[in-house]
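**Q** Residues per chain are reported as follows:
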Amino acid sequence: MEALPVELTIDILSRLPLKTVIHCKLVCNRWQNLVSDSSFVKLHLSRSPTGFIIHHNPIICVNSFMIDYWIIPMGGNRRQVDHHHLQYHRLFSLDLNLAPILQNTQMRQVGSVNGLICLCLYSLEHDNTYICNRVTREYMILLTQRFQTHVYGFGVSSVIGEYNVVQTFQTKVVGNGYAARPIVLEAEVYTLGTGQWRSLGRVPITYWLNTFHQLCGPFLNNHRHLYFDLDKETFQLLPSPPPPVVKEYGFHGQTLAILKGCLCKLDTYHSELTIWVMKKYGIKNSWHREVVIRREICVTQLPLYEPIGLIAGLKDGCILMVYEDKLCVFNPRNETMKDTKMFDPDLRGMPYRPSFLKLQNFKLEMIHISTSISLVVGGYSFAFSGKVPWFIALVASHLGFIKTSFISSLKFKIVPSSSSDESLHPQCKHGHLPLDIHLLKIICIDLIQIIIDQR
Amino acid sequence: MSKKTLTLMSKDKQLFNIEEHLAVQSVTIRNMVKEDGASSVIPLPRVDSETLALVIEYLNRQQAPEEDEDYVKKFVDERGEIPTLLELAQAALDLDIKKLMDAACMKVADLIKDFTLEEVREALRIENDRTPEEEKAIRDEFQWAF
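Heads up: the sequence lines are chains B and C, in that order. Residue numbering for the first sequence follows UniProt numbering, beginning at 1 and increasing consecutively. Residue numbering for the second sequence follows UniProt numbering, beginning at 1 and increasing consecutively.
Only true hints are included.
Dumping the calculated DSS-like pairs for lysine-lysine here, alpha-carbon to alpha-carbon at most 25 angstroms:
(1) B:K232 to B:K363
(2) B:K42 to C:K113
(3) B:K358 to C:K136
(4) B:K341 to B:K260
(5) C:K136 to B:K19
(6) C:K99 to C:K34
(7) B:K260 to B:K284
(8) B:K358 to C:K113
(9) B:K42 to C:K98
(10) B:K341 to B:K326
(11) B:K280 to B:K232
(12) C:K99 to C:K74
(13) C:K113 to B:K19
(14) C:K99 to B:K42
(15) B:K358 to B:K42
FYI, nobody ran anything at the bench for these hints, they're computed from the structure.
Chain C extracted, bound-state conformation (with noise of 0.2 angstroms):
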């Protein structure tokens, strides 16, 4: 029995295949098959060429089924940017696929647990919206956390 393939195509309209009993790791890509065989082109609209190549490495993994935790640790470890991790954590949700989801999400955590509050809105690109006197209002609150 030959190896079906399936064609994803990025948000930049980049190709790129896979080996269907490999993508079907990911929950929205099984759903999408089951339903009409997905025969097309699978547009994943909001993933970028880079992040979704990463994704395809990810999922082209040969690994034994107890070494996987380990495995996808060391994947995410390995591209320890913020906001490449971000991208793969959104591609993972989107893509519905749980571990690459929760190593990459968990992997942001433990970067931006040390930092300053500057810092994480920084990394996070967000904007500081408190005044002072909320910011205030919240040390008093939990003084015992400060």
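Same shape as in the complex, but just chain B (with noise of 0.2 angstroms):
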């Protein structure tokens, strides 16, 4: 049999799972080549099928820069999952070589986009907005001479396909008081491959202080729903659902997400979660209220200020959602509220398609590449590209400098310096570190001596 045609390889290839798709880099010099192709990355993100990525906060302190994110496949339209089946498996770690500006910084997860994923860094200096696919491991940074940005959203527009990231910024204080003063905002826009912000002007709404932490993702303003238009590039006023039936006062959560392909709008109170499905996009008519959720059956009582992180709809009916920083699974049916205990708490979570879309696409900006491992030490920052004696990642994991967990998932990635002919450590293979902590710490000062000298 004569080889395959380009069309059909491709085809096939573009229906496999992201990893399989990797592994099939190593068959042969065409496959290869094929796989980089751009039309094979089109062909691949139309079939990659959605999944939800969940990580953990990464501990805001000295050297912590890696994020383990798992991904749980929630199939196609056609191969919906039911919430007895879900499965889920490490999807990869995320390292921006960050370490040395991560110190007194949060982050954000703003949204993802076609496997591209847009992180926010703020710090007492600098924020910072990154933009990353670790699948080609390629990562910017748009850089903004503001400070305090909120940023607000990043899509794809749908008519010429420019991926955008949206911002505002407080500009000027209105009126007298603390506690009265309505904050003016101004947008700016960054579209990838130009190399720069573009303002956008006021934005058309006034917001209160104490509101504002709630600007995650589109605007929320008592019960108008502000969106960014990514074609027309303007603010628009969402429709919104009918007011709220609960006669309560108090806390009231909002939040939108999207649950089976539709816009959703989540309204928390002391007493039930209500969620509201929009079935027609931009029709205020086609409002549904799918479920409502009374608080007895979940899994705290406690006052909720970041209600439900993401959800979606299972093929049985269930819903999925992070609740309370668990992944959770509420059954309408009868009406139960389970801890999938899947992961640790305290989580975040975001749809997320693979893809292997390339960032080097975008023209005029800079594109790093991320390593696997960086050490910080005394405030120098090693990026060791995908060779990393064991013996210093052990010794580093000893001395805190990387997560032990980071290191079992390590264990059989390490490769040796290529000046040695040392295999793996065979106790490194089973995750356990019996060295001596003293003599590590010598041992690690005298290679780290040896880096910085070498520099």
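Work from the hints to combine the two standalone chains into their complex.
**A** Following this line, the structure appears as structure tokens:
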């Protein structure tokens, strides 16, 4: 049989799961070239099933620079999963070599489009927005001269397919007195590939200071939602669902999310959570009250300030959601809410569709390639591109430079330094770290000294 | 009105008859019929007779549109051998029968998904032209995937 035609090969490869595609790069040179081709990237993306990526909040302290991502495949339209068959597997660890600047920094995931993830890092000195694709290991930094910005969203326009990041910032203060001070916001957009922020002028709505923390994703202002139209580049008012039925004062949390491909709104009160679904996008009358979840059945009854992170409709009618920092399943038939216990608590999640989309396609941008491991010692950052002597990783782990959970994930991946023939340390394979800590400290300091001398 | 019949000829010169209204599910044949009426025999120089027989069987199916998805899936499932599926996908590509090609490619992808590299090469008859260094470079680059 002669070689398969290109068209057929691309078609078959584009239907494989992400990791298998990467394995296929090893099959032959021709396949590696095909997989790097833009027509493959496009076809693969169009067939790439959406999943949820779950990660834990990085501990905001010195040397926290790795985030482990897990993916729960949700399948395509025809292959939806039910709550008994939820699976998950490790996707990748994200490392932006940011260790030095991650100190005293807060990180927020803005969103993900076509495999590109938008992250924001806030610190006292600077705010930075990162776009990265961990599959291609690329990342870019959107530099801004402003401080106290709020990255509002990341999306792709449906007409021209441009990738845009929209951020808002406060310009001037109107009125007197702290509590009643409305904020005047201006907005800017960054189209990937243009290398700069463009002003969008004033955001046509006034905010009160105490609602600022809710500006996550589309704006919420009382019962009005403002969204940014990426094609027209304007802010628009979204038709809202009927006003809340619950006559209750006090906390009312509002979040927008996507459920079964429709925009949905989550109203959170002390006594219940209501999920509204907009069956037809943009049509006010199509708002439908999907479920009401009584708070008695919830895992905890603490007031929720960040109510529900992400939700997904499963095949059996159950709803998967991040609730109280846990991944829970709500079953509307018997009105139960269960912690899936798939992950440790304190997690975050977002929809994610893996792709091989290359950031390099965006002209005028400086693209960085993320390395596998970096170490920060005494203000120096050491980056190793895929080749770390196992003992350095061990030592670093013992000294707390990298998390032990990370080291166990490295067990088969650490490549011995090229200068020696050492094979992987047998105990490292099993995740045991039996070496004497004092000895390790001495070795480590020596090693670090050697590395510093070589710089 | 009598049903018009077309004749298709495989690579090994075997002739197959099929009613025109069924044959035009193939975009390639539809275009040929539109252009010249396709009164003579339609040659398919890349499709062997066994595969063409399968394609004809598929085109002759009598299915309600809503059952069609399941039918085509079952159709390729029953012919779960990779070489047959590849021939079928190739024929569906040439004849531009999208559903059949999608199903055949999907089935191949499902089958090779859990194969080792050697098994993939063997199944698709690919020669390994990678040096150990090139292989290692990829393994290093995508450490998380292995």
